[in-house]
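In order, the protein sequences belong to chains A and B. Those letters in the first sequence? Residues 1 to 137, per the working numbering, in order. Those letters in the second sequence? Residues 1 to 495, per the working numbering, in order.
Don't read these hints as lab results, they were simulated from the structure. Keep in mind it's a predicted model, so treat the numbers as computed, not measured. It is possible that some hints are incorrect.
Cut-off 27 Å, straight-line C-alpha distance, at most; resulting in silico cross-link-like pairs (BS3-like, lysine-lysine) [to be verified]:
(1) Lys272/B x Lys93/A
(2) Lys174/B x Lys55/A
(3) Lys230/B x Lys37/A
(4) Lys41/A x Lys272/B
(5) Lys93/A x Lys26/B
(6) Lys272/B x Lys356/B
(7) Lys47/A x Lys230/B
(8) Lys340/B x Lys292/B
(9) Lys381/B x Lys292/B
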Amino acid sequence: MKIKNALIACALVASASFAADWALVANPSSGIASVSKADLKRVYLGKKTQLGSSKVVPMMVTESNPAVAAFLQDVLGMSPAEFKKHWVDAQIKGEGTAPASQKTSAAAIMVSADIPGAIAVVEKSAVNASVKEVAVQ
Amino acid sequence: MVHGAKRILGLVAAGAALVGAQGQTKVYGFADFRFSKSWVESNNLLIPEGYINSDANFYLGHVDPYIDWNPNENVRALVEMNLNPEAAVANKAGTRLRLSQKGEAELRGILTQSTIGQLMANGVPAGTAATMAEPIVAGIMDGVKANSEIIAGQPAEKKRSKFFELVRAQMDLKVNDAVNVRFGRFLTPVGIWSVDHGSPVIMTVQQPYYVSTVPIFPQVQEGAMLFGNKPIGDNDLSYSLYLSKGREDADVGNNRIENFDDLSLGGQAYIKVDALNGTRFGLSGYAGRERKDDMWGDAPYEIGLLKDPAYSSMAPASLAPALPYLRNDTLFLDEINYSKTRVQDLREFCWGVDFKTSFGRFSLQGEMSGAYIKNDMVSGKSGSAFDYYLLASYDHPLNSSVTLSPYLFYEELTWKDQDQVPGWSLGLEGFPLDGFRTASVGLNTTLWNNVHLKTEYALVWLLPNPQSAHPIFRNKFTTDDLFSHSIQGQLAVAF
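Bound conformation, chain A alone (with noise of 0.2 Å):
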């Protein structure tokens, strides 16, 4: 029973270290190199368009993927829906519109590295040198 209760604490602790997974990338010429957690959910709810004196156009992946619904939770303190029902919310209010979201995480990457002031919340294992990870605290 023991083992039983121990192996079922690894697979969760296994899967929580799975769902966290998520990193914030940025394009390369971004002055971003850290952001706060509650900047971070400021622009991602729409309340926030500038880190500092950089513009920033927010993106993610879908958030039907674990690394995003675990950045929703760990950040945002959202489930994907909830996140979802804030943004129909805020269109009908006049707000605006949700962030960008992409299928995949290199679709992210790729889009981030091109468009100036683009960050995007990616699985942590696509990231790669054409974008900047962001340190997030």
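Got chain A sorted already, so can you dock chain B onto it with the hints?
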């Protein structure tokens, strides 16, 4: 080379979905469809005014498309339209025209084309109508006078004729997150449920009465606004400050601005704090002028009901050939003299406070607002209104696609001394009422985040005040007569 081509293709595919980038135009919006059935006493005084009825109705509530254009990162234009289900045009002329300033040209045109113009089209030479007028008027003046008395003072009615109504059309210029400027026609930022007007955003079927049926604050305004938000630690402060031409809710939009101090001034500030699962507190204010002039057109010559045998028999025999061309309308021929009469000059001051909080899956929100209306036509006359509501709800997700949200809602709206401020947009002038209360219970089922199926049961009590009524209404109604209840259902979709 291959890598480069793949990269370009990838960028094209991925970039097409880039939201928030410059130069994009997007179309989205919301729609809703409603069912309602009410039960009311047959002598409820709001029946003849069309506020309530006991029919079971299906009807289209909204189809509101939005066009959202971001030419660059500092500019955004948003247009929201509303499909107006009452698209029919109704223009009804009386023997004495009552014209709004904006309606003048249209109404004159309609009258000319439908009467004199028709004569011309049927081959009667130009000028004949005026020539005919003298003998006809001389011959049937007694009949015309009698007819005029019957319908004297009957105003011309002009209803909205637009298939689409412009809810808002605004252009935003961003300096930074804290400073933005908006120009155009915008929804008044007040409380929670003013800008949150779309049915997919609203928990209940019926919006609070203070923002819908009896709007204490103006619903939309035209002018300029400064707005933005500023983080304060973990909290967010948002503000808006606007200057506008004032309220346009009730009429075709003839609020008159004569001096700079006739402009309306208002604003809102709210803070979202990181308490519980998110809490907001807000304050709103508005000071404006509501001023209206009526323009009257008096015609010296009038011909009424010429097809009516009682009148046409009085016309000289020489005019018999012309009679078939005349419609059964009142006809104004020429020399219409217009004069303006100021019928309303009100100064209004409105205030509001609001809060919203969540703890776990429970949410509670409420708003309180009031208005003080000063009648500048008569010194010392004023009226007031007060409203509050509370809404409690609970979100129960069944799975990632379906959430059930039962809710309870209560609102009370009262007004005082409405007879001191004639023409005031609030209250129901001449009725023996001090306001009403409403309570409802409902279930909002959210499907896939953008579809809402709502069902609601609501009670409404009118609050009678025999002394505030026109004499013919006094003491005619009991509290039971003024009670109604209803069930409503609504399907709301964000698209």
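query: Do the alpha carbons of Lys47/A and Lys230/B lie within 27 Å of each other, as the hint requires?
result: holds, 9 Å
message: Given the hinted pair Lys230/B and Lys37/A, is their Cα-Cα distance within 27 Å?
response: holds, 16 Å
query: Between Lys272/B and Lys356/B, does the CA-CA distance stay at or below 27 Å?
result: holds, 9 Å
field: Pair hint outcome, Lys41/A versus Lys272/B [Cα-Cα no greater than 27 Å]
entry: The hint holds at about 14 Å.
- request: Quickly compare the C-alpha distance for Lys340/B and Lys292/B to 27 Å and report which way the hint goes.
  value: holds, 10 Å
- request: With a cut-off of 27 Å on the C-alpha distance, tell me whether Lys381/B and Lys292/B pass.
  value: Holds. Lys381/B to Lys292/B sits at ~17 Å (cutoff 27 Å).
- request: Please work out if Lys93/A and Lys26/B have their alpha carbons no farther apart than 27 Å.
  value: holds, 15 Å
message: Holds or violated: Lys272/B and Lys93/A, Cα atoms, limit 27 Å.
response: Status holds; Cα separation ~17 Å.
- prompt: Lys174/B and Lys55/A: Cα distance at most 27 Å?
  reply: Roughly 12 Å separates the two Cα atoms, so the pair holds.
Violated hints for the displayed structure: none, as all numbered hints are satisfied.
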